[in-house]
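Chemist: Each chain, letter by letter, is given below.
Protein chains: 2
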Amino acid sequence: MELKKNIYDLLKNIVGESYIFTDEETRNHYGHDETEDYVFPPSVVLKPANAKEISEILKVANEFYIPVTPIGARTGLSGGALCVQKGIGLSMERLNKIIEIDEKNLQVTVEPAVITQVLRETVLEKNLSYPVDPSSQGSCWIGGNVAENAGGARALKYGVTKDYVLNLEVVLPNGEIIWTGANTLKNSTGYNLTQLMVGSEGTLGVITKIVLKLIPANKHNVLLLVPFYKSTQACEAVSAIFRAGIVPSALEFMERDALEWTMRYVDGVSVPIKDKIQAHLLIEVDGNYPEILMQEAEKILEVVENYEIDEVLFADSEEQKNALWKMRRAVGEAVKSNSIYKEEDTVVPRYELPALLNGIKAIGIKYGFQSVCYGHAGDGNLHVNIIKGDLSDEKWNKEVPKGIREIFELTVALKGTLSGEHGIGYVQKNYMDIAFSKSHLELMESIKRVFDANHILNPGKIFPDEEV
Amino acid sequence: MELKKNIYDLLKNIVGESYIFTDEETRNHYGHDETEDYVFPPSVVLKPANAKEISEILKVANEFYIPVTPIGARTGLSGGALCVQKGIGLSMERLNKIIEIDEKNLQVTVEPAVITQVLRETVLEKNLSYPVDPSSQGSCWIGGNVAENAGGARALKYGVTKDYVLNLEVVLPNGEIIWTGANTLKNSTGYNLTQLMVGSEGTLGVITKIVLKLIPANKHNVLLLVPFYKSTQACEAVSAIFRAGIVPSALEFMERDALEWTMRYVDGVSVPIKDKIQAHLLIEVDGNYPEILMQEAEKILEVVENYEIDEVLFADSEEQKNALWKMRRAVGEAVKSNSIYKEEDTVVPRYELPALLNGIKAIGIKYGFQSVCYGHAGDGNLHVNIIKGDLSDEKWNKEVPKGIREIFELTVALKGTLSGEHGIGYVQKNYMDIAFSKSHLELMESIKRVFDANHILNPGKIFPDEEV
Numbered sequence: 001m002e003l004k005k006n007i008y009d010l011l012k013n014i015v016g017e018s019y020i021f022t023d024e025e026t027r028n029h030y031g032h033d034e035t036e037d038y039v040f041p042p043s044v045v046l047k048p049a050n051a052k053e054i055s056e057i058l059k060v061a062n063e064f065y066i067p068v069t070p071i072g073a074r075t076g077l078s079g080g081a082l083c084v085q086k087g088i089g090l091s092m093e094r095l096n097k098i099i100e101i102d103e104k105n106l107q108v109t110v111e112p113a114v115i116t117q118v119l120r121e122t123v124l125e126k127n128l129s130y131p132v133d134p135s136s137q138g139s140c141w142i143g144g145n146v147a148e149n150a151g152g153a154r155a156l157k158y159g160v161t162k163d164y165v166l167n168l169e170v171v172l173p174n175g176e177i178i179w180t181g182a183n184t185l186k187n188s189t190g191y192n193l194t195q196l197m198v199g200s201e202g203t204l205g206v207i208t209k210i211v212l213k214l215i216p217a218n219k220h221n222v223l224l225l226v227p228f229y230k231s232t233q234a235c236e237a238v239s240a241i242f243r244a245g246i247v248p249s250a251l252e253f254m255e256r257d258a259l260e261w262t263m264r265y266v267d268g269v270s271v272p273i274k275d276k277i278q279a280h281l282l283i284e285v286d287g288n289y290p291e292i293l294m295q296e297a298e299k300i301l302e303v304v305e306n307y308e309i310d311e312v313l314f315a316d317s318e319e320q321k322n323a324l325w326k327m328r329r330a331v332g333e334a335v336k337s338n339s340i341y342k343e344e345d346t347v348v349p350r351y352e353l354p355a356l357l358n359g360i361k362a363i364g365i366k367y368g369f370q371s372v373c374y375g376h377a378g379d380g381n382l383h384v385n386i387i388k389g390d391l392s393d394e395k396w397n398k399e400v401p402k403g404i405r406e407i408f409e410l411t412v413a414l415k416g417t418l419s420g421e422h423g424i425g426y427v428q429k430n431y432m433d434i435a436f437s438k439s440h441l442e443l444m445e446s447i448k449r450v451f452d453a454n455h456i457l458n459p460g461k462i463f464p465d466e467e468v
Numbered sequence: 001m002e003l004k005k006n007i008y009d010l011l012k013n014i015v016g017e018s019y020i021f022t023d024e025e026t027r028n029h030y031g032h033d034e035t036e037d038y039v040f041p042p043s044v045v046l047k048p049a050n051a052k053e054i055s056e057i058l059k060v061a062n063e064f065y066i067p068v069t070p071i072g073a074r075t076g077l078s079g080g081a082l083c084v085q086k087g088i089g090l091s092m093e094r095l096n097k098i099i100e101i102d103e104k105n106l107q108v109t110v111e112p113a114v115i116t117q118v119l120r121e122t123v124l125e126k127n128l129s130y131p132v133d134p135s136s137q138g139s140c141w142i143g144g145n146v147a148e149n150a151g152g153a154r155a156l157k158y159g160v161t162k163d164y165v166l167n168l169e170v171v172l173p174n175g176e177i178i179w180t181g182a183n184t185l186k187n188s189t190g191y192n193l194t195q196l197m198v199g200s201e202g203t204l205g206v207i208t209k210i211v212l213k214l215i216p217a218n219k220h221n222v223l224l225l226v227p228f229y230k231s232t233q234a235c236e237a238v239s240a241i242f243r244a245g246i247v248p249s250a251l252e253f254m255e256r257d258a259l260e261w262t263m264r265y266v267d268g269v270s271v272p273i274k275d276k277i278q279a280h281l282l283i284e285v286d287g288n289y290p291e292i293l294m295q296e297a298e299k300i301l302e303v304v305e306n307y308e309i310d311e312v313l314f315a316d317s318e319e320q321k322n323a324l325w326k327m328r329r330a331v332g333e334a335v336k337s338n339s340i341y342k343e344e345d346t347v348v349p350r351y352e353l354p355a356l357l358n359g360i361k362a363i364g365i366k367y368g369f370q371s372v373c374y375g376h377a378g379d380g381n382l383h384v385n386i387i388k389g390d391l392s393d394e395k396w397n398k399e400v401p402k403g404i405r406e407i408f409e410l411t412v413a414l415k416g417t418l419s420g421e422h423g424i425g426y427v428q429k430n431y432m433d434i435a436f437s438k439s440h441l442e443l444m445e446s447i448k449r450v451f452d453a454n455h456i457l458n459p460g461k462i463f464p465d466e467e468v
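Protein chains in written order, with UniProt numbering: chain A, 1 to 468; chain B, 1 to 468.
Mixed in with the good hints there might be a few duds.
Said to hold, decoys possible - Cross-link-like lysine to aspartate or glutamate pairs, in silico, DMTMM-like; alpha carbons within 20 Å at most:
id, chain 1, residue 1, chain 2, residue 2
1, B, 97, B, 169
2, B, 299, A, 103
3, B, 104, A, 302
4, B, 157, A, 103
5, B, 395, B, 36
6, A, 415, B, 36
7, A, 12, A, 24
8, B, 415, A, 103
9, A, 299, B, 103
Claimed, not checked - Quick look at which bits of chain B chain A covers, simulated, 3 or more residues with Cβ under 8 Å:
id, segment
10, 19 to 26
11, 168 to 181
12, 243 to 255
Keep in mind the hints are simulated off the structure, nothing from the lab. We put the CB at the ideal spot given by N, CA and C, even for glycine.
All chains should be modelled from the sequences, with the hints used to inform the complete structure.
Modeler: Below you can see the structure in the form of structure tokens.
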């Protein structure tokens with residue numbers, strides 16, 4: 001799609017000459033996120049200053065049927081920010097302020113392009129916590145977190161992004177600017193458009209301000225790394241810990257390969273892994289009372305000692321804790337650097353994890369692919385990385401998708417679903433029929449049309465190709 | 001609306017002769033809930049056995065444009081279950097089973113007509129908690145809680161109904177039965193229809209099964225009753241307690257009148273109230289470690305001692321705790337038994353409570369009405385009871401609604417909204433323009449049409465009269 005001169009001029013008049021780009025380098029730069037090796041450059045990149053300018057841009061786009069794809073930090077793993085139908089790449093980067101930390105009401109109002117970790121650290125200075133911490137928190141933005149309903153390692157205790165979003169300022173495709181709700185903890189006033197917007201992957205509106213709930217920060221935590229001789233026993237232990245009455249603040253699962261590859265990839269992190277160890281659980285409890293945390297850690301030890309484990313590592317300094325977390329957060333990138341791969345973001349009720357893991361391995365054998373699994377086992381969210389390795393392109397493009405389909409079918413059969421925290425975006429959309437009936441998908445598409453009659457906003461996402 | 005013979009026969013064939021009623025007594029019985037003194041009998045009462053029958057009923061209703069109002073326990077305070085356009089009153093009472101307590105995944109699957117307290121007590125036997133406890137928990141049903149997104153006294157720490165709903169089985173107005181999501185803690189798979197359905201007050205679909213998240217139950221709690229000489233200082237203390245880093249499990253505010261009327265109304269509850277005491281805070285902390293709770297209670301004492309308070313009552317036995325909670329839960333009924341009244345369910349960010357309370361009293365003086373305020377101050381949710389007393393009918397019907405409008409305008413100006421936990425239903429709908437622009441309301445109405453093109457489901461609710 002080539003941009004016509006008259007439209008270029010209209011857009012330039014809105015954002016100003018310094019914030020409109022059509023050169024190839026810029027378009028390529030904004031044409032990819034972290035999803036496999038896809039590149040879909042937009043026809044033009046715009047960097048608006050505020051909601052008002054975004055409103056004007058959407059009015060033009062709506063009049064001339066130009067696709068608009070909101071672009072955040074481009075750390076997404078489902079291709080939500082890829083400009084698959086070209087058009088306008090709408091970079092949110094200039095909306096990057098923490099507008100107000102409201103200590104009196106434990107809330108923060110923030111623009112979308114604030115790095116999640118920066119937000120977390122800034123509110124922590126006031127002893128407040130925004131506890132949602134995606135593994136990419138050092139580079140992802142809060143706006144993208146809201147758009148994809150991001151989770152992270154602490155979701156099992158603290159919930160996901162949606163559980164903290166109280167209110168959103170949104171620019172609708174017709175240019176109107178609304179607040180979806182109110183800045184209150186309770187709200188039974190009309191339909192919950194706030195929660196409809198969270199996780200809608202930029203297809204219903206452009207988020208320009210976010211009001212988040214904060215909680216008092218916990219002061220202490222204890223971190224354990226437990227090596228298991230059998231992966232499925234590690235998965236079984238996850239559910240057993242909860243049944244012992246403990247809600248850990250993190251409970252992460254890593255297969256042996258994930259850990260070994262990461263140690264090769266990340267400097268300064270090293271954990272001795274004995275022969276025959278198949279998986280590790282990284283377990284954290286947090287709170288304000290160290291003596292209670294030690295009691296809880298001991299209870300956890302009692303639970304995991306029912307399984308075949310090796311010696312448990314207690315992280316006994318902040319440095320060691322940081323190193324372990326750094327390692328865990330780097331798994332995704334380590335896998336990526338190792339081989340071409342596809343990542344699926346499966347989620348099931350947590351007790352079903354062993355069944356899911358066994359099923360994935362069996363499917364891998366059937367279709368001849370290797371997989372590396374890791375993720376937020378405490379909430380049943382397993383990232384399945386399917387490795388190309390030395391598979392032929394033929395096999396990779398024809399056979400592997402059949403295996404992925406079987407993995408998702410298994411996930412849904414276990415009362416889980418396709419994506420726990422990455423979103424459907426571009427790369428999972430053609431599996432949506434596994435989770436939803438045709439009429440259910442049509443219901444979602446009708447909601448899409450209510451917001452975006454001309455289908456300009458982030459087209460080519462969420463809905464299967466044949467459906468739109 | 002008279003029911004035609006052919007339609008009666010169609011409906012009778014679906015539910016069976018024992019479960020269709022057109023006699024006046026039954027219609028009147030199902031024609032009211034707890035909202036003021038409204039009675040709107042349906043033309044026919046149906047008591048279907050399951051989702052399949054409800055699906056057949058909705059197909060008939062959709063074909064012949066017959067209004068259908070889902071009816072729960074009829075404990076609602078916004079008129080959500082009133083059959084304001086007659087038609088079918090769809091009593092959910094036979095869908096009353098706890099289907100499965102899934103201890104392995106900390107979930108429960110339940111039908112809508114289970115009493116909330118029964119659900120809570122049943123899962124507690126397994127040391128699990130469903131922590132949402134509306135004041136009417138002894139009689140309300142979980143289905144109505146989901147439909148209205150009910151809150152209650154523990155919402156400040158544990159959240160409201162929406163925070164526990166993982167998945168819903170819903171019969172759509174066209175008769176189709178869908179599950180809205182998956183039984184997982186994380187879900188980024190398409191639009192969040194689960195959360196759109198929660199709080200939609202029976203206008204988008206009929207909820208027939210509910211999957212709720214459970215949490216490990218806390219074993220201990222401490223309860224304090226703090227008398228304040230000034231109501232606004234009681235409100236100020238609410239925010240100060242949170243700022244001291246404590247998240248109480250309940251933080252209830254009661255004006256003097258609320259407490260005095262309740263003591264007259266409820267047997268076996270008596271608290272000495274000194275002259276000049278204007279309000280009380282009922283404060284609870286809970287957890288698993290009694291020594292920690294005592295530390296937190298002491299911190300709370302330090303905070304409230306900064307205000308003009310009288311002697312604090314520590315509830316030192318289960319009996320005393322139960323008596324205090326019984327008293328608190330009876331305030332609504334006590335006010336109701338005292339006079340004709342209107343109840344508004346205002347909610348603001350919690351720090352704004354003193355401003356809200358002062359504003360309400362000033363508006364009362366302006367329009368000449370008395371109000372009694374109480375509620376879940378910890379989450380900024382104040383129930384405003386406007387007392388008819390000896391006001392003339394003329395004043396009650398003409399002037400008081402102007403005052404209510406001003407109260408809601410104040411609420412919205414303070415970044416709050418109309419309803420925290422009761423829903424909009426029938427009695428608040430004509431104030432919706434205060435919270436939402438015309439086009440915002442139109443957006444909600446368009447969503448309504450996506451689900452319910454013929455507008456059969458619970459018509460006359462949520463949307464202002466002129467809008468529909």
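Chemist: Next step is simple, just say for each hint if it's right about the structure.
Modeler: We went through each hint and held it up to the structure:
| no. | hint | in the structure |
| --- | --- | --- |
| 1 | B:97 x B:169 | holds (14 Å) |
| 2 | B:299 x A:103 | holds (19 Å) |
| 3 | B:104 x A:302 | holds (18 Å) |
| 4 | B:157 x A:103 | holds (17 Å) |
| 5 | B:395 x B:36 | holds (17 Å) |
| 6 | A:415 x B:36 | violated (42 Å) |
| 7 | A:12 x A:24 | holds (17 Å) |
| 8 | B:415 x A:103 | holds (15 Å) |
| 9 | A:299 x B:103 | holds (19 Å) |
| 10 | 19 to 26 | violated (count 0) |
| 11 | 168 to 181 | holds (count 4) |
| 12 | 243 to 255 | holds (count 4) |
In this structure, the earlier hints numbered 6 and 10 are contradicted, and the remaining ones agree with it.
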